[in-house]
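Please dock the two separately framed chains into a single complex, following the hints provided.
Protein chains in written order, with numbering that gives the first Met the number 0: chain A, 0 to 117; chain B, 0 to 149.
Hints are supplied without guarantee of correctness; some may be wrong.
[To be verified] Derived SDA-like pairs: lysine to any residue, alpha-carbon spacing no greater than 20 Å straight-line:
1) A/Lys76 <-> B/Lys22
2) B/Lys81 <-> A/Asn49
3) A/Lys76 <-> B/Pro51
4) B/Lys144 <-> A/Asn49
5) A/Lys76 <-> B/Ala55
6) B/Lys22 <-> A/Met26
7) A/Lys76 <-> A/Leu47
8) B/Lys46 <-> A/Ala96
9) A/Lys25 <-> B/Val120
10) B/Lys52 <-> A/Pro50
11) B/Lys22 <-> A/Leu91
12) B/Lys52 <-> A/Leu91
13) B/Lys52 <-> A/Leu51
14) A/Lys76 <-> B/Leu142
15) B/Lys144 <-> A/Leu84
16) B/Lys81 <-> A/Leu84
17) B/Lys106 <-> A/Ile111
18) A/Lys81 <-> B/Glu53
19) B/Lys46 <-> A/Leu4
20) B/Lys52 <-> A/Gly79
21) B/Lys106 <-> A/Leu107
22) B/Lys78 <-> A/Asn49
23) B/Lys22 <-> A/Lys81
24) A/Lys76 <-> A/Pro50
25) B/Lys52 <-> A/Met0
26) A/Lys76 <-> A/Asn49
Just so you know, these hints were derived from the structure itself, not from any lab.
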Amino acid sequence: MMHYLNAFIFGGFLCAIAQLLIDFTKMTPARILVLYVTAGVVLTFLGLYNPLVERFGAGATVPLTGFGNALANGVIKGIGEKGLLGVISGGLTACAAGISAAIFFGYLFALIFSSKEK
Amino acid sequence: MKNFSEKNYQKLVSQHEKSPWLKNIFWAFTVGGLICVLGEFILTYAKNMGLPKEDAGCVTSMTLIFFSGLFTGLGIFDKLAKHAGAGTIVPITGFANAVVSPAMEFKSEGFILGVGAKMFVVAGPVIVYGVSSSIICGLIYYLVKGGMPL
Numbered sequence: 000m001m002h003y004l005n006a007f008i009f010g011g012f013l014c015a016i017a018q019l020l021i022d023f024t025k026m027t028p029a030r031i032l033v034l035y036v037t038a039g040v041v042l043t044f045l046g047l048y049n050p051l052v053e054r055f056g057a058g059a060t061v062p063l064t065g066f067g068n069a070l071a072n073g074v075i076k077g078i079g080e081k082g083l084l085g086v087i088s089g090g091l092t093a094c095a096a097g098i099s100a101a102i103f104f105g106y107l108f109a110l111i112f113s114s115k116e117k
Numbered sequence: 000m001k002n003f004s005e006k007n008y009q010k011l012v013s014q015h016e017k018s019p020w021l022k023n024i025f026w027a028f029t030v031g032g033l034i035c036v037l038g039e040f041i042l043t044y045a046k047n048m049g050l051p052k053e054d055a056g057c058v059t060s061m062t063l064i065f066f067s068g069l070f071t072g073l074g075i076f077d078k079l080a081k082h083a084g085a086g087t088i089v090p091i092t093g094f095a096n097a098v099v100s101p102a103m104e105f106k107s108e109g110f111i112l113g114v115g116a117k118m119f120v121v122a123g124p125v126i127v128y129g130v131s132s133s134i135i136c137g138l139i140y141y142l143v144k145g146g147m148p149l
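So here's chain B without its partners, still in its complex pose (with noise of 0.2 Å):
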């Protein structure tokens, strides 16, 4: 549950140095790809089902972000993510447990500093090094291009 707490930051890295990276990095690739077979597959389903291109990707992000965070909550997530590494923290699973985790585990100090603050101790920075990157690239990117109406 405490995937991105800083004690057990501390143990997953002490779990690291023990272990052999190669192992590492097979589990992560392995994982994380099959994470995206599955994000792909509900892709194609929902383009199936008529969805314009932007559309099939909310959903599929949607979805993902469901199931990790269900899985979360039942404990699963945290087992998967013990072997798997940066295989499920990469994809958007990470981002949904990032903002399960520790809303679950600050229960204790209550809904709104606890629950409602905790849920973005790792989402907020992703949230605001995101969207102030974009904003700065767009900015140099409307400059370039020029000539555009205000």
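Isolated chain A (complex conformation) (with noise of 0.2 Å):
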């Protein structure tokens, strides 16, 4: 039970920090969302991700910073793999599954259903 609490407190961690800036910076969702990102990457690459997701499971991965973890770790992996080219070719590989759901899925929800104008 213990792995659920901690993925409760790291997560809402993550999402307060956002909020702070969306609050005091005026900072757009948008730009929160490439900032998680872009920390997630450079965090994976310091080294100092990976042992965050190996505490806080899902609170690590499920936050925007996780799909950065995944895009690095990717590229780590690939280029133990292939060498330079894995540095261009490892990172959307391991995110392949959940670009391509978001894509398919968006298309697919948009051709559904309309935006209800208030």
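Right, dumping it as structure tokens:
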């Protein structure tokens, strides 16, 4: 049960930081998402993010920093397997499922539903 | 539906100006945390089904993306997002919402330049900066480690 609590605390923590940024710096949600992805990439390459994933599980992988983490881990794995080519191919290979799912389901739901005007 | 559109953002900003920030943080923390608990639940389930760690992570993302897309379509996501703020934006659910929401909104502009293009209004920058930073960091990593096969 402990790992559910860990996921709650760290995931909540990352969201609370973003909320602070929205409230006090007027950053748009789009900027926050970009900031979080990039932070996830950089922290992973610095060796700081994977220990967080070990400890907090989905609390660290579900927020957008986890998307950056998956990209960075993919690149590192790609380098190990293919060298320089892996730098380019590794990231999206690791994130293919997530991105394809977002594109396909996104398209599907946009076809089915229409936005409701208030 | 217009979570990420310009007009609605202005509305979001003015809402935030009126509401106390402590309350916002509480909601962001609670909802964001609960979404991660849901993710952990799916992750644990997928692992117990015998999937390797990375595949289990993919299944978790895909499941959360599917349901946040569906809830965006049904109009439930926005009701939750109004209170939860960053709590629904920061998890992968926010990414999925950012794909579906503008795609639905701009359906009237056609299926190519409306739905097809507007899907990436927010998701595009996220992918561009995520991939680019991972390549730059990867290049540095490759050079520092050195001696690897080309």
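Each hint tested on the structure:
no. : hint                  : verdict
1   : A/Lys76 <-> B/Lys22   : 42 Å, violated
2   : B/Lys81 <-> A/Asn49   : 32 Å, violated
3   : A/Lys76 <-> B/Pro51   : 15 Å, holds
4   : B/Lys144 <-> A/Asn49  : 19 Å, holds
5   : A/Lys76 <-> B/Ala55   : 17 Å, holds
6   : B/Lys22 <-> A/Met26   : 18 Å, holds
7   : A/Lys76 <-> A/Leu47   : 17 Å, holds
8   : B/Lys46 <-> A/Ala96   : 17 Å, holds
9   : A/Lys25 <-> B/Val120  : 19 Å, holds
10  : B/Lys52 <-> A/Pro50   : 15 Å, holds
11  : B/Lys22 <-> A/Leu91   : 38 Å, violated
12  : B/Lys52 <-> A/Leu91   : 17 Å, holds
13  : B/Lys52 <-> A/Leu51   : 15 Å, holds
14  : A/Lys76 <-> B/Leu142  : 15 Å, holds
15  : B/Lys144 <-> A/Leu84  : 15 Å, holds
16  : B/Lys81 <-> A/Leu84   : 43 Å, violated
17  : B/Lys106 <-> A/Ile111 : 11 Å, holds
18  : A/Lys81 <-> B/Glu53   : 19 Å, holds
19  : B/Lys46 <-> A/Leu4    : 18 Å, holds
20  : B/Lys52 <-> A/Gly79   : 18 Å, holds
21  : B/Lys106 <-> A/Leu107 : 12 Å, holds
22  : B/Lys78 <-> A/Asn49   : 34 Å, violated
23  : B/Lys22 <-> A/Lys81   : 49 Å, violated
24  : A/Lys76 <-> A/Pro50   : 17 Å, holds
25  : B/Lys52 <-> A/Met0    : 19 Å, holds
26  : A/Lys76 <-> A/Asn49   : 13 Å, holds
In summary, the numbered hints that this structure violates are 1, 2, 11, 16, 22, 23.
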